[in-house]
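S.K.: Chains as they are written, first to last, in the working numbering: chain U, 1 to 238; chain R, 1 to 323; chain E, 1 to 697.
A couple of the hints might just be wrong.
Claimed, not checked - Simulated DEER-style distance windows between Cβ atoms:
1) U:E123 <-> E:D637: 20 to 30 Å
2) E:E297 <-> U:P125: 27 to 37 Å
3) R:A91 <-> U:P8: 23 to 33 Å
4) U:Y111 <-> E:K689: 34 to 44 Å
5) U:T191 <-> R:G14: 34 to 44 Å
6) R:K267 <-> U:L131: 47 to 57 Å
7) E:G140 <-> U:Y111: 51 to 61 Å
These aren't lab readings, by the way, just hints derived from the structure by calculation.
Cβ coordinates follow ideal geometry from the N, Cα and C atoms, glycine included.
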Amino acid sequence: MIVGSQKPIEEIWNMVKDFKKVLVFGCNTCVAICHAGGEKEAETIAALIRMKASQEGKQMTVNHLGVMRHCEPEYFEPVIDEVKKYDLVLSTACGVGVNFLSDRTGTVPVYPGINTSFYGAVEAPGVFKELCAGCGDCIVHMTGGICPVARCAKTLMNGPCGGTNKGKCEISKDVDCAWYLIVERMTKLGTLDKLSAIIPPRNWSTARDGGPRRISMEHIREFEEKEAAKTETAGGKR
Amino acid sequence: MKSGSTLEKVLASGNPAVTAELGPPMSADPHEVVKKAQQLKGFCDAANITDCQTAVVRISSIAAAAIAFQQGLEPVMQMTCRDRNRIAMQADLLGAAALGLKNCLCLAGDHQKFSAAGRLKGHPGAKNVYDVDTCQLVGILKKMRDESKQDGGDPIEVAPKFFIGASWTPMADPIDFRPINLMKKVNAGADFIQTQGIYDMEGLRAHMAKIRNMGLHEKTAILAGIIVPKSAMMLKYMDSSVAGVSVPKALIDRMNKAKEAAGDDKKKAKELQEQEGIKITIELIHQALETPGVKGVHIQAIEWESAIEGIVKAAGLYPRPQV
Amino acid sequence: MAPEDTCTAEPYRAYGAELKETRPYSPCRAACPAHTDVEAYVGLIAQGKYTEAFEVITSVNPIASVCSMICHHPCEQSCRRCGVDEPLAVRHLKRFAIEKSKDYRRAKRKLVKKTKGKSVGIIGSGPSGLTAARDLADLGYSVTLYEKHPVLGGMLAAAIPPYRLPREVLKEDIDDVISKGVEVKTNFEIGRDAKLDDLAKKHDAVLVAIGLSQSRSLNIPGVDGPGVLLAIPYLEDVAFGRKPDLGKSVLVIGGGNVAMDVARSARRLGVEKVEMVCLENEQEIPAWKWEVDEAVEEAIKINYRWGPKAVVRENGKVVGLEVTKVLSVFDANKRFAPTFDTNTTTVLKAETIIITIGQMSNLAFLKDSPVKVDERGRVEWNPATQMSSAKNVFVAGEVVTGPGSAIAAVANGRRAALAMHLYIQGETIEGRLPAQEKEKIAQMPSEVVEKISKQPRMKIKHLAPEVRVKTMDHFEMGYSEAEALEEAGRCRGCGGGAVVDQKKCMACLTCMRVCPYGAPVVTSVSEIRPEYCQACGLCAPECPAQAISMVSYDVREIRNTLPTIIGKVDADRQEPVIAALMCTHHAKVIGVPNNVKAIPVHCTSRIDILDMLKAFESGADGVAIIRCGSGTCKYRDIEPRVNARVKRVQDLLGMLKIESNRLEILSATSDNGGNPYSAICADFSERVKKLGLRARK
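Please build the complete structure, drawing on both the sequences and the hints.
M.R.: Okay, here's the thing in structure tokens:
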């Protein structure tokens, strides 16, 4: 899932202070799971903005709302008219949600209420860990299921650098060395010999480096378009 | 000859090779480089010019290498994977070759969070590149040199002829993988290897036995890294905090003893420790060169380039062979 | 009566009432024939909301005062605390709430507008008649109550001895009903003063709720003549203050609850030697155990397993009862079929014998009426419509259900009132009356029982037996406020626990991770199993999607009421405004300093970070989370989570440059008597005062 974390109230305040009617809009999927931007946190941020406004002597209406997802229009369309009544939407969805909603709110600006951090897993309640970088060309079958792109600080593809210290990365004692884990895992799997082969320079064009990405599933699109056309024709006849 | 560099020739001649290290300044003033080049010239076959070591901005490796070269010191330019993508790397390599540089050491580079281990501000917020890793960079150099092709496949009219080096930390975690690590670099095309600084010579001997079994010592020239100890404190720090470095207790004790002999005199303590450090260095050089499969030494006197002359002479490695 | 004194009656709905209807009932509520929402009102008592508790109680039961004294409380027998330690003292808590609401209920009495333009006649003013009268009056009908006795209340007034039911208590209930504008005709006996037909014509519908007002007698030698009394006439004498001559010793035949009333009132009439004789043994005796225990305390001897054979008279005067040894009372199918050892007999000496073996109705007035009576002398009726064989004549209560409890008669009266309403409105009745049996929450799994701390039931105090038998006065003491709050805090809140909004839940597992009792099961969405849920509320404030609410006193309710409780903050105040979110279970809601606004919460585990923020947003200078000492918390694993929430809020306050020590968790042990929370609130208030009063721009 996508993991995010809240922005400091000071930063949020500087974003919202010149607006009169603000909606803090929560997203109840990924960012709710990581306690950053679900409806609950949206209400928390709304309360903090109201308190700050009161301290600053500003008259502001700050409400909150939440929908299941900001990244699929069907989820927020039922409330979009309500959303458009505000001067500003502070979305606590991930960056995907902020962008997606922003394209659909007409003249109402959509600002980010949280920082979108990474794709991660719930390692323990309240602990979220980055495990994938979305590079678009997965190779973890060659690295014991452990991704060196996301989990090695240097994205090394052919083994550890010289900075591995007691199994930890040179950047921090709290960060595992991905290559240490890969070697450990592949030793256990009996596939360490696979690492002898040199992985050549990667084609990063599948990742963000190749420009904004879009996937269009033709088999699904065609079906959807045909269905839409049918409905239109049927509507026309009526 | 792949490159015709002095280092390559010395190694080809069967003599033990000596490389040293030159750290460029955090300044636009070339004199520091000139001064250090003069100190090292004649006492080593080539000197590594570090590439923003510990992720601190300094005169670039290529520029400093060019200055050293003008001074008659053969440089080993360093190139980290941290700061350049494959386009910048290849462009720099063409430029370096055009400037007459002949040796290149490929490195991953210290992470930008390192910032001189916190002693300087550095640039921990910088974006790193790591488009390619050390192994891949070695392969790119080899392809440029031997096939006259860029990595992408476009032809190179005049190929850059580099003697290709790579670093190796034999005794870091995961220790059983380190020989494979070396093998990959060698298979990718590393002509010479400079190891991380070694104090534990018994450990080196054990590792070299494995390397010899793999036949890697025949395919590449392994230069053992020797870091000149300056103080007991430095040795303790290296032992506890530097990845892949362990310092035998006997060496730390010797330095401590030297320090204690000076009593409360701090200046004298420094002198005595430096003297002992040089003694230790000479012993380490001998032990390293006695290790089968080791073809030379890479002596790093960090911010103490002036010490090299005395060390090389005392170790019996002077004069350097004329090849 | 001026029109402004009239009102249309809106039934009171407790928070979460609608939601509760869609879910299994708590066992206490399911066990109550009237389905009184016990969990709701006990919870309200725990929060000090006594009049709201009164509303919950009386919404389904107009004779709540009566029930608070005499109810056999099936709610307690089914309480899920039985499996842990002892059941909750529900009836006694009800009594407390009602007594606390005396002024409130009196002030509330108002005429109800007769909006329907239709009239109903109700024959009999016992529990079912009074209930039907109340419900129909509330619906806007003109209601006339016909009662053969000079006062209303049926058996409650005419047969239950005053030591069990003080008459002023009954009067409160009756006054509630008649104040709605119910016409009352007392000393009116059906059959004597009017025919049923006449009433059926006069009213749009008639309810026969005459109860069982005639005692059955025994057909044994010597039964006729002086010295042998029947229970009901005897109890009527007692009820109306007449003093029947009982001689020096009384023997009561029968082992039911009425027999207990007879025997125990005989003691109170000054008879030293009162004995009882019954067919059953100690386990089989039909009277409630507490009745038996209290009778024994009052020096009444019970002769078990003897059957009456003949009244022994000397010179016509009763001297005793010859009895035969009983071998068994029930047959293999548990049907009543006593067998006797005719060779073993004895004589139990007594000057007066009172026969208390059951009651029946006097149905003479039904002769020549369209209401049919079956061959066994019972009124024919359809339980699905509460209707007799005559079309606008309805029936309710013991006359058709047979002997039962007052609360069962209330429930039946409610059904009858609804049936009559539907009938008059020309609607179908069948299928519209509420089901008697309700789905209820299962017993607690043993792994949950193990996690519940034991807390003994707050004792109900009685006058000493030797004192109480000297008068007809009520002998049971009500709870003090502290006692009531303590006892109410024992409720596990069954049925008031967590419920998941499936539209919002995204199955994040948070609830499953925080629940100390293993109640949530998360598949595609979370489901919180009510039989596991202890209603602590720990999960709801943790839910990141706000998908969990609590059925009773939801977390959002705290938040919504906070600004009102804190009120307008005076800019020139001298004392800080403190919002004290208090655990109602141990931190007593009584007696905090004036500047401390107490907000009772079911448990501090229900306090959301948003509640704390809301308190500050509403202008509080300081916010105290007041919890019980960890040793006394009735829930598990609450403390670390509440601490973490407080820490989070302190961090958030820090971002707003508000001192973090304006928010504190306070705790005290309540063992040392009084209210220790008052003192800690005052201390906190002083600390906040030193930080200064918060200014607003």
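S.K.: Do R:A91 and U:P8 keep their Cβ atoms within the hinted range of 23 to 33 Å?
M.R.: violated, 41 Å
S.K.: Kindly confirm whether 34 to 44 Å is satisfied by the beta carbon distance between U:T191 and R:G14.
M.R.: Taking Cβ atoms as reference, U:T191 and R:G14 lie about 40 Å apart, which means the hint holds.
S.K.: Given the hint of 51 to 61 Å, is the C-beta distance from E:G140 to U:Y111 inside that range or not?
M.R.: Since the Cβ atoms of E:G140 and U:Y111 sit about 56 Å apart, the hinted range of 51 to 61 Å holds.
S.K.: The hint says 34 to 44 Å between U:Y111 and E:K689; measuring C-beta to C-beta, is that right?
M.R.: Holds: the Cβ-Cβ distance is about 39 Å, inside 34 to 44 Å.
S.K.: Is the gap between the beta carbons of U:E123 and E:D637 within 20 to 30 Å?
M.R.: Holds - the Cβ-Cβ distance for U:E123 and E:D637, about 21 Å, lies within 20 to 30 Å.
S.K.: Falls inside 27 to 37 Å, the C-beta gap from E:E297 to U:P125?
M.R.: Violated, since E:E297 and U:P125 (Cβ atoms, about 56 Å apart) do not stay within the stated range.
S.K.: Per the hint of 47 to 57 Å, is the separation of the Cβ atoms of R:K267 and U:L131 within bounds?
M.R.: holds, 54 Å
In terms of the numbered hints stated before, the structure departs from hints 2 and 3, listed from lowest to highest.
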